[in-house]
Amino acid sequence: MLFTATKDNQILIFSFNTGTIINQFAAHDNSISGVCVSWDFLITSSLDTTIKFWDISKFDSAPQLFYDHEEEIISIDISDSEIEEQFLVSLDTDWTMIVRSLSNPREVLHKIKGPIHFGKELLFTPFDNVLLVPFNLLQNFVEYIAKPVSLAQRL
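No gaps in the numbering here: position 132 of the sequence shown is 392 in the numbering used here, and each next residue is one more.
No wet-lab data here; the hints were simulated from the structure.
Watch out, some of these pointers could steer you wrong.
What the hints assert, rightly or not - Below, computed lysine-lysine pairings styled on BS3-like, alpha-carbon distance capped at 25 Å: (1) Lys312 / Lys371; (2) Lys267 / Lys318; (3) Lys312 / Lys267; (4) Lys373 / Lys312.
Unchecked claim - Between beta-carbon pairs, the in silico distance windows are: (5) Trp299 / Phe276: 17 to 23 Å; (6) Glu367 / Thr264: 27 to 33 Å; (7) Ser275 / Lys371: 35 to 41 Å; (8) Asp300 / Thr264: 17 to 23 Å; (9) Ala286 / Glu344: 31 to 37 Å; (10) Asn283 / Glu367: 28 to 34 Å; (11) Ser363 / Leu272: 24 to 30 Å; (12) Asp300 / Lys373: 30 to 36 Å.
Small disclaimer: the values here were computed from a predicted structure and weren't measured.
All C-beta atoms, glycine included, are put in the ideal place defined by N, C-alpha and C.
Model the full assembly from the supplied sequences, consistent with the hints where possible.
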């Protein structure tokens with residue numbers, strides 16, 4: 261399956277075999293800013309300040325909904341699926357970064373407030389479990405992450 265987001269807040273699911281749309285649904289109340297897939301979940305973020313976890317096996321059920329951001333979410337990414345524990349990282353327009361474990365997504369592991377700066381992306385590298393952090397967020401991130409050693413070791 262291939263998942264895409266549209267400008268009118270829809271998620272489209274395409275079949276790799278046929279190239280046709282096999283499902284389509286309204287996902288958010290505002291523009292979708294991120295789409296990630298992990299295990300059995302499709303994870304979406306939006307300018308409506310929410311993150312949603314959709315069960316891939318049953319899109320007709322309500323998603324898990326998270327309201328941890330106060331501003332529009334502009335970027336999300338997940339860590340490599342081949343490591344022991346996966347993390348979801350989200351960034352909003354106020355430069356607040358939230359880290360959560362996908363094994364317990366309701367719990368926010370870290371909420372890091374960054375200074376005003378340029379750049380809109382943060383992401384995990386595809387070949388290892390390295391989080392790329394915008395340079396101007398780096399100092400806050402390093403100071404915050406250095407305290408809880410367990411997460412720093414896992415990242």
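Which numbered hints are broken by the structure, listed smallest first? Violated hints: none; all satisfied.
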